[in-house]
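Peer 1: Hey, can you work out the whole structure from these sequences and the hints?
Number of protein chains: 2
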Amino acid sequence: MIYLDPLRLKAIILSTLVDCGVSEEAANHVAESLVTTSLRGVDSHGVNLFPHYVRAVKAGRIKARPNIAVTQTGLSVARLDADHAFGHYAGSMAMAKATELARQTGIGAVSVSNSTHFGAAAYFALQAANADCIGLALTNADALVKAYGAKKSFFGTNPVCFAVPLDHEEPYCLDMATSLVSWNKVLTFRRRGEKIPKDWAFDADGCSVENPDMSVSLNPAGGYKGFGLGMIVDVFCALLSESVISKDILPMFTSPIEQRRKISHFFMAFRISNFCDVNRFRSSMQSMVDRVRTLEPIDADIPVMVAGDPEKYHQQMRIKSGIPIEEEKYTELIAVNAEFSSAVIR
Amino acid sequence: MIYLDPLRLKAIILSTLVDCGVSEEAANHVAESLVTTSLRGVDSHGVNLFPHYVRAVKAGRIKARPNIAVTQTGLSVARLDADHAFGHYAGSMAMAKATELARQTGIGAVSVSNSTHFGAAAYFALQAANADCIGLALTNADALVKAYGAKKSFFGTNPVCFAVPLDHEEPYCLDMATSLVSWNKVLTFRRRGEKIPKDWAFDADGCSVENPDMSVSLNPAGGYKGFGLGMIVDVFCALLSESVISKDILPMFTSPIEQRRKISHFFMAFRISNFCDVNRFRSSMQSMVDRVRTLEPIDADIPVMVAGDPEKYHQQMRIKSGIPIEEEKYTELIAVNAEFSSAVIR
Chain L
532 MIYLDPLRLK
542 AIILSTLVDC
552 GVSEEAANHV
562 AESLVTTSLR
572 GVDSHGVNLF
582 PHYVRAVKAG
592 RIKARPNIAV
602 TQTGLSVARL
612 DADHAFGHYA
622 GSMAMAKATE
632 LARQTGIGAV
642 SVSNSTHFGA
652 AAYFALQAAN
662 ADCIGLALTN
672 ADALVKAYGA
682 KKSFFGTNPV
692 CFAVPLDHEE
702 PYCLDMATSL
712 VSWNKVLTFR
722 RRGEKIPKDW
732 AFDADGCSVE
742 NPDMSVSLNP
752 AGGYKGFGLG
762 MIVDVFCALL
772 SESVISKDIL
782 PMFTSPIEQR
792 RKISHFFMAF
802 RISNFCDVNR
812 FRSSMQSMVD
822 RVRTLEPIDA
832 DIPVMVAGDP
842 EKYHQQMRIK
852 SGIPIEEEKY
862 TELIAVNAEF
872 SSAVIR
Chain X
532 MIYLDPLRLK
542 AIILSTLVDC
552 GVSEEAANHV
562 AESLVTTSLR
572 GVDSHGVNLF
582 PHYVRAVKAG
592 RIKARPNIAV
602 TQTGLSVARL
612 DADHAFGHYA
622 GSMAMAKATE
632 LARQTGIGAV
642 SVSNSTHFGA
652 AAYFALQAAN
662 ADCIGLALTN
672 ADALVKAYGA
682 KKSFFGTNPV
692 CFAVPLDHEE
702 PYCLDMATSL
712 VSWNKVLTFR
722 RRGEKIPKDW
732 AFDADGCSVE
742 NPDMSVSLNP
752 AGGYKGFGLG
762 MIVDVFCALL
772 SESVISKDIL
782 PMFTSPIEQR
792 RKISHFFMAF
802 RISNFCDVNR
812 FRSSMQSMVD
822 RVRTLEPIDA
832 DIPVMVAGDP
842 EKYHQQMRIK
852 SGIPIEEEKY
862 TELIAVNAEF
872 SSAVIR
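Note that the protein sequences, when read in sequence, are chains L and X.
Each residue of the first sequence is one higher than the one before, starting from 532 at the first, in my numbering.
Each residue of the second sequence is one higher than the one before, starting from 532 at the first, in my numbering.
If you are wondering where the hints come from, they were derived from the structure by calculation, not from laboratory data.
Please note: incorrect hints may appear among the correct ones.
Listed next, the in silico BS3-like pairs over lysine-lysine satisfying Cα-Cα at most 25 Å (straight line) [stated by the list, open to error]: (1) Lys-729(L) with Lys-729(X); (2) Lys-729(L) with Lys-778(X); (3) Lys-682(X) with Lys-843(L); (4) Lys-778(X) with Lys-793(X).
Peer 2: Shown next as structure tokens:
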């Protein structure tokens with residue numbers, strides 16, 4: 532494992548993307564999202580994705596210079612056509628618009644079509660929370676979650692992310708796939724040659740498997756509930772933006788990289804001051820979260836946590852230690868930087 | 532089991548409530564919600580609750596003549612103080628307001644404080660869906676779901692309900708507690724003297740139990756995910772309306788019935804035509820739902836269903852057969868009607 536300085540990582544990502552023709556503004560969102568996500572310990576959605584993104588830009592799946600169009604279709608509603616921009620960039624524009632609408636009416640919602648992978652949903656929801664709103668970010672993804680009662684997958688891991696301001700710390704953030712575990716977790720067990728728990732994944736016939744090599748689909752979280760929430764995510768992302776649903780989206784890594792995926796997202800901002808006093812809200816939220824944290828734990832050595840606490844812990848650690856990257860991934864990152872950027876960052 | 536005519540049941544409920552001093556409008560919402568919910572097969576939230584409600588009105592927990600106040604606090608936002616009205620009534624007023632706001636801005640959201648049990652969340656979400664909106668209904672409830680990693684419960688079963696219009700049938704409706712199973716399911720096993728599956732419930736020390744008599748708290752759906760969603764429900768219901776959170780709400784059946792519970796709710800309507808063409812949306816939604824239903828099932832005898840399909844099936848059956856009620860419950864219902872209503876319905 533190699534530990535990298537976040538600022539150096541950000542510089543590598545920025546310079547490579549800009550040299551690939553990506554605008555500084557877009558490149559900045561990608562770099563910021565990847566580095567902060569890795570700092571938060573979410574390695575599946577952080578800097579490890581960067582080499583893939585560069586290949587996707589070079590192949591044309593992600594447009595370096597998209598023509599993004601925002602159309603306001605109601606006092607609280609807008610649509611954004613991302614024109615195959617980086618999802619991190621299109622999503623940030625959409626959340627900024629949602630927050631602006633919320634300043635006027637109390638609530639803003641923006642649906643995004645023709646987008647690409649947007650990284651971690653938390654990146655956007657936190658933007659709203661830092662503007663005194665409750666933030667919501669949704670995205671669809673290629674079909675990977677087994678339909679409840681069926682043999683095959685239908686919806687993607689279709690995450691739901693809420694961020695809520697707290698009083699004296701970073702916002703509360705629940706960023707959850709609607710599957711019980713992420714595909715990445717199955718892949719980690721596959722790499723290690725270890726068995727997976729029975730309720731994580733299914734084989735091609737829809738049977739529960741412990742062998743990760745046989746896994747082709749994931750279990751929805753809470754059975755029909757996670758499956759239903761996955762459908763709701765596609766309603767808000769794909770249907771409201773007249774885009775394609777999970778089942779019709781190409782897989783990220785195994786489909787030809789020049790082909791476009793047409794991912795869709797949905798963003799909302801709820802302006803807290805339109806409901807109640809913001810300071811009182813922050814303090815009630817802090818008190819609720821702190822009450823949960825001080826409950827008696829099952830295991831005396833593991834304090835009770837709320838969603839987002841593990842990420843905050845990782846962030847504290849990694850700010851000091853640097854971002855850990857597997858050697859193989861590091862070599863790939865350096866190679867991509869050397870190949871596509873004039874400013875090779877050492 | 533006794534099978535009752537829905538119209539007769541509705542007449543019993545209406546006349547009893549009106550004779551208890553409840554306004555015709557409020558009584559109508561309670562009767563309609565209870566009877567349609569029983570027709571949909573959701574016996575835990577249907578007419579079985581009626582005797583309890585009457586006792587709560589007589590004791591003053593539920594106010595027969597509340598002074599409900601609606602305050603618009605943004606172009607898309609309103610707050611409703613229910614003054615301890617029937618939740619079914621306050622909730623319907625709130626959803627009507629949310630739908631009205633959505634007609635003006637594309638989205639309406641109404642938080643409700645000082646309310647009482649509102650029955651089935653689907654009753655409200657379906658109102659929005661029948662007005663060409665996506666409907667969302669949330670409510671908090673007394674603490675019954677074990678905090679993730681802790682020994683004791685903290686949030687209620689805090690349900691999330693979405694309803695979405697379809698093209699040629701009743702709306703899609705996902706009405707889910709954020710616990711893996713409902714408390715009612717545990718009680719059913721307790722009555723039958725049967726073991727419950729290991730992942731449903733916990734004893735007073737937070738240990739998983741198979742004996743339903745030992746169960747005091749429920750497992751959140753999908754572990755920290757369901758627990759996090761339960762918290763989000765309390766954010767929208769209790770915190771935005773400056774009300775009390777699940778942990779501070781009195782249990783429905785075991786606390787003194789004259790004491791008020793201060794339940795809070797949250798309702799939203801998303802006006803589809805502010806995002807896209809409604810007819811195209813309906814047809815895409817229908818197609819998505821039908822594609823799921825025609826997937827190859829795990830069990831050849833059980834077709835794949837989407838959320839709300841079991842309720843539609845029950846409704847078809849019960850419109851013909853009548854609403855099944857256990858004899859004991861029937862006796863209670865008739866006794867309540869005889870005691871409190873001048874118009875005894877035979």
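Peer 1: Would you mind marking each hint as holding or not holding in the structure?
Peer 2: How the hints compare with the structure:
1. Lys-729(L) with Lys-729(X): Judged against 25 Å, a Cα distance of about 14 Å means the pair holds.
2. Lys-729(L) with Lys-778(X): With Cα atoms ~33 Å apart, Lys-729(L) and Lys-778(X) exceed 25 Å; violated.
3. Lys-682(X) with Lys-843(L): Holds. Lys-682(X) to Lys-843(L) sits at ~23 Å (cutoff 25 Å).
4. Lys-778(X) with Lys-793(X): holds (12 Å)
Checked against the numbered hints given earlier, the structure breaks only hint 2 and satisfies all the rest.
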